[in-house]
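Asks: For the sequence shown, the positions run 0 to 202 when numbering that gives the first Met the number 0 is used.
You may find that some hints are simply not true.
To be verified - Okay, derived cross-link-like pairs now, SDA-like style, lysine to any residue, Cα gap no bigger than 25 Å in a straight line:
id, residue 1, residue 2
1, Lys69, Arg97
2, Lys180, Ala145
3, Lys166, Arg189
4, Lys166, Glu16
5, Lys78, Glu32
6, Lys150, Arg85
7, Lys180, Pro148
8, Lys150, Glu167
9, Lys78, Ala169
10, Lys150, Ile160
For the record, the hints were derived by calculation from the structure and aren't laboratory data.
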Amino acid sequence: MTGRGEEEGQRDRRSDEELVRSFLDGDRSAFEELVNRYQSTVMNLAYRMLGNRADAADVCQEVFLLLLRKLHSFRGEAKFSTWLYRVAMNACHDHARRSRRHLSLAESPDDEMPEMEQRLPDEGADSPESSMEREEIRRRVQEAIARLPFKFREVIYLHDISGYDYKEVAEILGINLGTVKSRLNRARNRLAAELEDYWEESR
Numbered sequence: 000m001t002g003r004g005e006e007e008g009q010r011d012r013r014s015d016e017e018l019v020r021s022f023l024d025g026d027r028s029a030f031e032e033l034v035n036r037y038q039s040t041v042m043n044l045a046y047r048m049l050g051n052r053a054d055a056a057d058v059c060q061e062v063f064l065l066l067l068r069k070l071h072s073f074r075g076e077a078k079f080s081t082w083l084y085r086v087a088m089n090a091c092h093d094h095a096r097r098s099r100r101h102l103s104l105a106e107s108p109d110d111e112m113p114e115m116e117q118r119l120p121d122e123g124a125d126s127p128e129s130s131m132e133r134e135e136i137r138r139r140v141q142e143a144i145a146r147l148p149f150k151f152r153e154v155i156y157l158h159d160i161s162g163y164d165y166k167e168v169a170e171i172l173g174i175n176l177g178t179v180k181s182r183l184n185r186a187r188n189r190l191a192a193e194l195e196d197y198w199e200e201s202r
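With the hints as extra help, turn the sequences into a complete structure.
Replies: Laid out in structure tokens, this is it:
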């Protein structure tokens with residue numbers, strides 16, 4: 000006889016796609032497991048795109064309500080996580096468009112840095128002066144990202160911060176590979192222009 004703990008452990012090991020099929024076959028607990036797996040991921044994405052915890056919580060709730068209604072349309076042509084990210088990113092975009100607000104600088108996330116900041120030299124990283132300088136750079140970069148249009152902010156987040164490759168970003172956003180590369184290049188150029196005065200001052 001299989002114990003309840005062992006049975007739940009087996010359920011936890013099912014793939015996302017298996018959970019979707021189980022839910023569509025009437026297993027409500029399969030949806031609960033998908034929520035448990037991805038709730039923090041969706042909340043993190045929404046917070047980083049919107050910069051406000053209350054807005055992020057609203058969008059997170061909206062995403063899983065949408066998921067409940069849209070799961071029947073999941074065809075498995077892309078990974079479930081990619082499909083969910085697309086739903087979540089669209090929800091963030093709709094929320095940002097409705098509220099017409101930029102990323103809140105006071106609440107902008109500070110525990111991850113875009114690729115361009117991570118590539119800064121580490122010389123003297125242990126000195127207080129260097130630490131203060133890197134914190135200032137971090138703040139300036141975050142402020143510059145906050146001023147980007149949403150379509151540029153999303154490619155920076157997905158590629159440079161989250162580490163998705165070009166193909167994955169294209170799948171998540173539902174755009175072609177060339178558009179991803181073009182937007183990312185334009186986003187980085189906008190960031191460089193935003194930060195140009197600061198780089199000149201700090202030399």
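Asks: Each hint needs a verdict: does it hold in this structure or not?
Replies: Structure-based check of each hint:
no.: 1; hint: Lys69 to Arg97; result: 22 Å, holds
no.: 2; hint: Lys180 to Ala145; result: 20 Å, holds
no.: 3; hint: Lys166 to Arg189; result: 22 Å, holds
no.: 4; hint: Lys166 to Glu16; result: 20 Å, holds
no.: 5; hint: Lys78 to Glu32; result: 17 Å, holds
no.: 6; hint: Lys150 to Arg85; result: 13 Å, holds
no.: 7; hint: Lys180 to Pro148; result: 16 Å, holds
no.: 8; hint: Lys150 to Glu167; result: 16 Å, holds
no.: 9; hint: Lys78 to Ala169; result: 13 Å, holds
no.: 10; hint: Lys150 to Ile160; result: 15 Å, holds
In summary, this structure violates none of the numbered hints.
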